[in-house]
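Peer 1: Those protein sequences? They're chains W and E, same order as listed. Basically the numbering used here = 1-based index in the first sequence + 8. Basically the numbering used here = 1-based index in the second sequence + 5.
Rather than coming from a laboratory, the hints here were simulated on the basis of the structure. Do not take every clue at face value.
[To be verified] Reference listing, derived: stretches of chain E covered by chain W, where coverage requires no fewer than 3 residues with Cβ under 8 Å from a Cβ of chain W:
hint, stretch
1, 54-63
2, 88-98
[Unchecked claim] In silico DSBU-like cross-links for lysine-lysine, where the CA-CA straight-line distance does not exceed 35 Å:
hint, chain 1, residue 1, chain 2, residue 2
3, W, K31, E, K271
4, W, K31, E, K186
5, E, K276, W, K31
[What the hints assert, rightly or not] Take a look, some chain W residues computed to stay more than 10 Å from chain E by CB distance:
hint, residue
6, I25
7, N197
8, L218
9, V234
10, V243
11, G269
Virtual Cβ for every residue (Gly too), placed ideally from N, Cα, C.
One-letter residues, chain by chain:
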Amino acid sequence: MATEANLSLWVRQVRAIVAFDLKRNFFGKRALLVYLLAMMPIALLVLVALLNPGGAEVSTRLPIIYSVFYNSLILRTIIFFGCAWIFMNLFRGEIVDRSLHYYFLSSVRRELIVTGKYLSGVLTSVILFTTVTVVCMLLVFFPHYYSSSLRFFFDGPGLGQLVWYVTITILACIGYGAFFLVVGLFVRNPIIPALLLYGWEWINFLLPPLLKKISVIHYLNSLVPVPISEGPIAVVAEPTPAWISIPALLIVTALVLFLAGTRIRRMEVRYGSE
Amino acid sequence: MSETSDNTIVFHNVSKFYGEILGVNRVTLEIRAGITSLVGPNGAGKTTLMNLMCGLLRPTRGTIRVLGVPTDQPQLLFRKLGYCSQFDSFPGGLTGRDFINSFLRISGFTRRQADELAEKALVRVDLIAAADRKIGGYSKGMRQRVRLAQAIAHDPSVLILDEPLNGLDPMVRAETIALFKQFAAEGLHLIISSHILHEVDMMSDRVVLLNNGYVVAEGGIQGVREEMDVEHPVQVLIRCDRPSVLAAQIFQNTDVVEARVHDDRKGLFVKLRNPDQFYLSLNRVVAEGTIEVESIAPVDDDLSAVYEYLIGAQ
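The following block holds chain W by itself, in its conformation from the complex (with noise of 0.2 Å):
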């Protein structure tokens, strides 16, 4: 028996649900509907390559259209419900099943199966949504522009933007991950904290300045490299600077997590109940 209490141990133990819950993440009977909602946006892009007649250059509005794409469909909605739906299903599933104990049953601190539950959530979901980020992306760009496409991402700012989508797109599977984890340890019926917040990261763009940090969108807004128009009706706020939105980001997560593995350690499993 693995006797000692340092850091190699926990580690160990962490990669060892990190693996576990990989397998499941994404072979499990829960991994179809994320699969189905990540291919929402390529499939729609498909069909509008095959449907374009196209041009002989990049458009300039290209790269804001992208945007548009992007926070509308990819960053609020595709993102934002797979996240729900992986993230709260670490530990919601597992009760639904009737399986959490088995882990309250290994000899493993219950704060480290907070932590690979949720760094098994993150890769799952950085893994499936920066690869919808990069191919919807592409997809917007190389069907009928090829050549000029090359000379935007590889001489242009392309390159540049995909970068900070993904870099986006990585920070929010970090930060609503650690929000829908604890919703679904906590939350009997999580659909409702989980709509709550979609109506709220919704109208952001109507909030006054200081109720728009209390939200993840405003944060992730501030990176997006090509900024578009929230509309006429929209409360303008200053962007927060990429130095303070990314540790603010990554500060908020790791006290919510720490909140998860204070709470989890007084949690009792009662599946009778639930």
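We have chain W; now place chain E onto it with these hints.
Peer 2: Frame of chain W; chain E shown alone:
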């Protein structure tokens, strides 16, 4: 921590309430090595007591220590404890071997250690042939055994088994009981809940009788039975050739409370308070040679009788 409490499971004034509903109340127990059975009707508090021991539930009041370890430290507790719960559910899509192996890895064992321990556990519960099949295709008895294998895989000192014989066919039941006895002989603490009294009777060193969340009796079955002598005199069946004559003679003994001739007229049921004294006087009657006694056997000193007296009547 005293040496004794490092070798026992100690409940000190433990209560558990689910809101306003009582789980168990004011339980003070000390469980030593060997087989201890928790017995009681549905809702008596058996599973609550087991879940409290494993830290799946937290006591509303009181403290629990398993071999000196508090139940809120799973990283220490589950090096010593294995729990085979009643939940017939598993993480999806796993084979029996993967299931055991995965949770050994999560407990911190290396891949090699986990492989070896999983193999050993599967052999022990006689499931090696089906080890690489999906659990979803297992029979109920096989699922029960794979859970048992998972509970024993890390060689715990304490094994808690909630209705472990459910769903097993008679042959496997007998093998499983023999396995439990072997564990007990190896010095393990086995805490078993079961509602099949004759099986509990057969394998237990001690019983804890629970009813409505309270411990109504605990100890060796004989000890518990003897403590009930005043309210429930011991009943014996004396097989003999002249039961009516024997009845007339033994009624002179003040320890005899009641005597009744068996329906087949070849035996006598006797209720008595002080069995040892009674047997001495019975020897004298037999020595006179007027009555031929074939056998004397207690009929209500088993767990079923104790259960009936303490719980069944309520």
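Peer 1: Indicate, hint by hint, whether the structure satisfies it.
Peer 2: Status of each hint after checking the structure:
For the stretch 54-63 of chain E, the stated coverage by chain W holds: 6 residues have a C-beta nearer than 8 Å to a C-beta of that chain, and at least 3 were required. By the rule of at least three residues with a Cβ nearer than 8 Å to a Cβ of chain W, the coverage given for the stretch 88-98 of chain E holds, with 8 such residues. Between the alpha carbons of K31 (chain W) and K271 (chain E) the distance comes to roughly 70 Å, so the proposed pair goes past 35 Å and is violated. Between K31 (chain W) and K186 (chain E) the CA atoms are separated by roughly 38 Å; this puts the pair beyond 35 Å, and the hint is violated.
Straight-line distance between C-alpha atoms of K276 (chain E) and K31 (chain W) comes to about 65 Å, which puts the hinted pair past the 35 Å bound. The non-interface label for I25 (chain W) is inconsistent with chain E: the shortest C-beta to C-beta separation is roughly 6 Å, within 10 Å. Non-interface status of N197 (chain W) relative to chain E is upheld: no Cβ of that chain comes within 10 Å, the nearest being about 19 Å off. With a closest Cβ-Cβ approach of about 40 Å to chain E, L218 (chain W) is found to remain outside the 10 Å limit, as its non-interface label requires.
V234 (chain W), annotated as away from the interface, keeps every beta carbon of chain E farther than 10 Å; the closest lies near 42 Å. Even its closest Cβ contact with chain E, about 45 Å, leaves V243 (chain W) beyond 10 Å, as expected for a residue assigned away from the interface. Once the 10 Å rule is applied to beta carbons, G269 (chain W) is consistent with being away from chain E; the minimum gap is 13 Å.
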